[in-house]
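Asker: The working numbering numbers the first residue of the sequence shown as 17 and each following residue consecutively.
Check the hints yourself; a few may be wrong.
[What the hints assert, rightly or not] The calculated lysine to any residue pairs, modelled on SDA-like cross-linking and capped at a C-alpha distance of 20 Å, are:
1. Lys112 <-> Gln39
2. Lys115 <-> Ser75
3. Lys118 <-> Asp28
4. Lys118 <-> Asp102
Because the hints were derived from the structure by calculation, they are not lab data.
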Amino acid sequence: MTIFEAIRHDHDIQRDLLDKLVQSSGDTKNRDELFKAVRKELEVHANAEERHFYKPLISTDMMQEHSRHGIAEHHEIDELIEELEDTEYDSSAWLKIAKKLKHKVEHHLEDEEHTFFQLAGKTLSEKQKTELASDYATYMKKNR
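Given the sequences, and given the hints that come with them, work out the whole structure.
Answerer: Here it is in structure tokens:
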């Protein structure tokens, strides 16, 4: 498995959780469980990605700006998560923020999968791609 396959697998998990989250309603156990799952998944994924994907790439000229942009988007996602934490589940604002989060995350995933991955693929060796995948997967398994 390469780092791209490992990350894409987790992106699919995020998409599924976010779809379910924005379909949830009110101050319910379902919404609470989904929100906690989304928050944890996004947090652990961002940490793993920054350590085992962005960090090895940020030192290369071609990838530096892209890596910084990805990290900045992680921070924007964190801010939306904080907004959701500070808003009541049954508030109409909660769903609006959740949809904004879904949009931001999906934009970020598309950027990575359609631009970042292609550029990183030219930068990393095949050995690096598999080693980074292993390190990434180990981190995810330990922290999920």
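Asker: For each hint, tell me whether it holds in the structure or not.
Answerer: Each hint tested on the structure:
1. For the given pair, lysine 112 sits about 12 Å from glutamine 39 by alpha-carbon distance, which is consistent with the 20 Å threshold.
2. Only pairs whose Cα atoms come within 20 Å are accepted, and lysine 115 paired with serine 75 is rejected, the gap being roughly 34 Å.
3. Taking the CA atoms of lysine 118 and aspartate 28, the gap is about 13 Å. The hint holds against a cut of 20 Å.
4. Our distance criterion of 20 Å between C-alpha atoms is met by lysine 118 and aspartate 102, whose separation comes to about 17 Å.
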